[in-house]
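> Going down the list, the protein sequences come from chains F and V.
Residue numbers for the first sequence follow this note's numbering, beginning at 239 and rising by one.
Residue numbers for the second sequence follow this note's numbering, beginning at 12 and rising by one.
The set of hints was computed from the structure by calculation and includes no laboratory data.
Quick reminder that beta carbons are idealized off the backbone N, C-alpha and C, glycines included.
Treat the hints with caution; some may be incorrect.
Taking CB as the label site, the calculated pair distances span [what the hints assert, rightly or not]:
(1) V:Lys214 - F:Val358: 16 to 26 angstroms
(2) F:Trp505 - V:Ala127: 38 to 48 angstroms
(3) V:Gly145 - F:Phe354: 21 to 31 angstroms
(4) F:Glu241 - V:Asn349: 58 to 68 angstroms
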Amino acid sequence: MSEDQLYFFYDLFQYLINGICQGSIYALIALGYTMVYGIIKLINFAHGEFYMIGAFTGYFCIRGGIPLYFAFPIAMLVPGIIAVLIEKIAYKPIRHAGRIPALITALGVSFFFQYFGQNVLGADPKAFPEVYEETIYNLGEAVSISSTQIIIIVTTLVLMLFLRWLVMSTKVGKAMRATSFNKDASELMGIDTDKIISFTFFIGASMAGAAGVLVGIYYNTVEPMMGLIPGLKAFIAAVLGGIGIIPGAVLGGLVLGVVENLVVGFWESTYRDAVSFGILILILLVKPTGILGTKTKEKV
Amino acid sequence: MTFKTILSLLFLLPHIAFGAKADAKDIMLGAVFPMTGPIATYGQESVNGMKLALKRINLKGIRGKKVQLIVEDNKGEPVESANAVRKLISVDDVYAILGSVASSNTLAGAPIAQSAKVPMLTPASTNEEVTKMGKYLSRTCFTDAFQGEVMAKFAYNSLNKKHAAIIVDLSSDYSKGLARIFKKRFKAMGGTIIPQDFSYNQKDTDFRTLLRKVKRKKPDIIFLPGYYQEVGLILKQARQIGMVMPFIGGDGWHSDSLLKLAGKKGIKNNYYSSHFSPDDTDPAVQNFVKEYVAAYGSKPGAMAALGYDGLMVMADALKRATSLNREALQKAIASTQNFKGVTGMITLDKMRNARKGAVVLETTEQGNIFKEKISP
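Sequences are here, hints too, so could you generate the full structure?
Right, dumping it as structure tokens:
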């Protein structure tokens, strides 16, 4: 094998690592999208903002001297609580009005947080404090992975498995699946669906908050508009994997992250977003249920 | 009253409230700067500098009047800049406009000022095209042609690097213009440029894959004419993947945030050209630095100094104008000769561009170190 060919494989491998890492972030955000959609059929466009709130919570905690292993759960808790409040204030009163009003309300909530954030926190990007000394592991002579990248990938996998367990093997999970399947019937069976819906929002936003902190550490910057593009990308990821399906969100996120990095690596970085959104259009045309989607209705 | 009139009255309210504060006899000037958004620190610094200048100007006044400055926020976006220029002309009826900092923003507002025949003076936009928009456009800073040449010379002669890669911010006219000139000059001197185009867009955060592509081409220096937000992240990620060659850039690097974004490892061994160094020993500069520190508690950066000079040149032109109207004011601005500013001696040439020197700074953990001063 010539040196050029050899380097092609090194490059490919490196782009895959970068892609899986970026994809994990998309996946974490997409998990929330998919869960909320699964249970009340709402595409919560404000979801990217919970990611931003998580990132800023982490930023202020760590700057205030709270160690990462405390700051991380706090940064999951705060967006979770805010999401529950938003659900109670903005979404619940119009839940009976159909899907379009809810969708528009979600857009409104999204803008509210973006511009409220710019006003309160300032629009300039803030440098995320360095939490730990990053180590770079070299795999062979031309491929490397950093400790942050490993943390991101592992965290995503752990949180996904946790969610899978929560939904499939616990009582709350059973109630979530029931609510998703038939809300009225679930209520007749004694399930407090309001509580279940709130709980779903809480879990979804916590996942986004976790992604926010990870991104703060990984890219070293946080700003109030940071949720916009990753939010949209996570939406693509959720649709790509099959909206409403938990492993689908992760699969969609990883595929999207890898594709984006291959586009940047072997083609032009300017085409990255065009390709991402092209994928969204393509999947909606060809297989609207997504990669893992089937026609069964049992989705959470 | 129809719904529309109520609505338009509602929109007018803030302007009425603002207008009430200003004395009708004051000389009204407009300013368009990014007070929020990704390059907010440029706008905030520029306006801080201008406020110092305003204080000094209003001690004596001009033609027996006080000067009022109406600052509009363009959020660092071209569309918002155009809107702000339009608002300043049609609602506030200003004599002249100062602004903006990023060339893309200035270029968006320039045709509006030109067609309304309102003098527009940019203290900091370096893209060549800005003053080509018409004779009502001028600038009190050097252009990218000069800045690109300075960095090409510095890379080739002072750093002794011959093989460069260029990474461009495709969403910025400033970055593209600077890249083109650097390429031309560096090649003319005998250096080689890696022919492949490397580019990114503003607000990107992940550069690892792009940088790896650059690294594989083995350049010994990288020209990165971007703005600090992305530059900071690029520097950090480049050092993380083991790229040790120096990165060099233009005045867009200038910000206190650069060190925070790039981190201790990323900041080392990079250079950029700028308009001003607070370490300059010139008494006029030191005086300005002292005043600025007293007012804002931090040392002034290039943008503050440029903003200060921009408004001072404007005030000087207001004094020299044969009468107080926009046409006479523009003539006075264009004929500025040997005006002693804190960023150097300002003389506007035929194309209404300032000819003056540049400084090259090295970025370090402790702050910028003054390396060289290069005159035109």
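> Hint by hint, which ones does the structure fall short of?
3
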